[in-house]
Amino acid sequence: MADRLLAVMTRLRGASMALRTATGEILAGANDLSDRTTRQAASVEQTSANLQQITGMVASNADRAAAADERIAAVVDLAGGGGRVMNDATDAMQRISESTARITSITSLIDDIAFQTNLLALNASVEAARAGEAGKGFAVVAVEVRRLAQSAAVASQEIKSLINASAGEVRSGTGLVTSAGETLTRILDEIRQCSELTKAIAGSSREQAQSIHEINVAIREIDAGTQHNAALVEETNAAIEQTEAQAAELDEIVDLFELGTQAVPQRRSRAA
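Its first residue numbered 770, the sequence shown is counted upward by one per residue in our numbering.
Hint data in this document are derived by calculation from the structure and do not stem from the laboratory. Just so it is clear, the structure is predicted and the values come from calculations on it, not from any experiment. Backbone N, C-alpha and C define an ideal beta-carbon position, used for all residues, glycine too. Do not rely on the hints blindly, as some may be mistaken.
[What the hints assert, rightly or not] Simulated restraints, written as ranges between beta carbons of each label pair: (1) E814 <-> C963: 38 to 48 Å; (2) S973 <-> A842: 55 to 65 Å; (3) S973 <-> A843: 20 to 30 Å; (4) A969 <-> N856: 23 to 33 Å.
Sequences and hints are given; from them, build the entire structure.
Right, here's the structure in full:
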């Protein structure tokens, strides 16, 4: 009976030692897993923080792009107003050119009238000279009329010179205004293209911000799962440590039984 009990205790001790060895290995693996899980949780948390920062930056860029687009739209409106002013100035220059042309025609007519008047006054002077004493008064009037006609012709020439100079300035101004209008039109085209690019950038930034937000949500879920796994590992460690402690108690019990089985043969030998 004692031999059988000793065999059982031996097998029980072997099983206990195997259990302690297994629990030790499991505990070591669990501790390693706990360390890895902790590091992973820290990495995930840092990644989540970085993604939040990137999300904020991308959203800020989208807001800046939208604000820039609004400013560009305002510049387009201002430039459009400038273009309309340029068109109005060109129209005004054209009207001035037309008025100058009419004034030139009028001065030409004045020149013709002065020339005809001068001829008439000259003829009147000739006729007055032929009339003798009777034509002296008329001759004086003819001379004055001729002088006025000549003065009118001189004034007409001066006006024509001024009009020609003014017409040249108007043509130069019209060319400058037209060139400025064409330049402004090209600038408007470039600004509109910039506006389209800015809108595209703003749209892409918003899409990126949304995508990063979704990634961040997924990472937060991973972080929550990692934290949960870490808690489970801690619980597993606690259970393994408890199992190891129970295995140690089992070893102590086996030791007590072994001491008891050794005492029985000694008593039998003494009794004999």
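Exercise. In ascending order, which of the hints set out earlier in this document are inconsistent with the structure?
Worked result: 2
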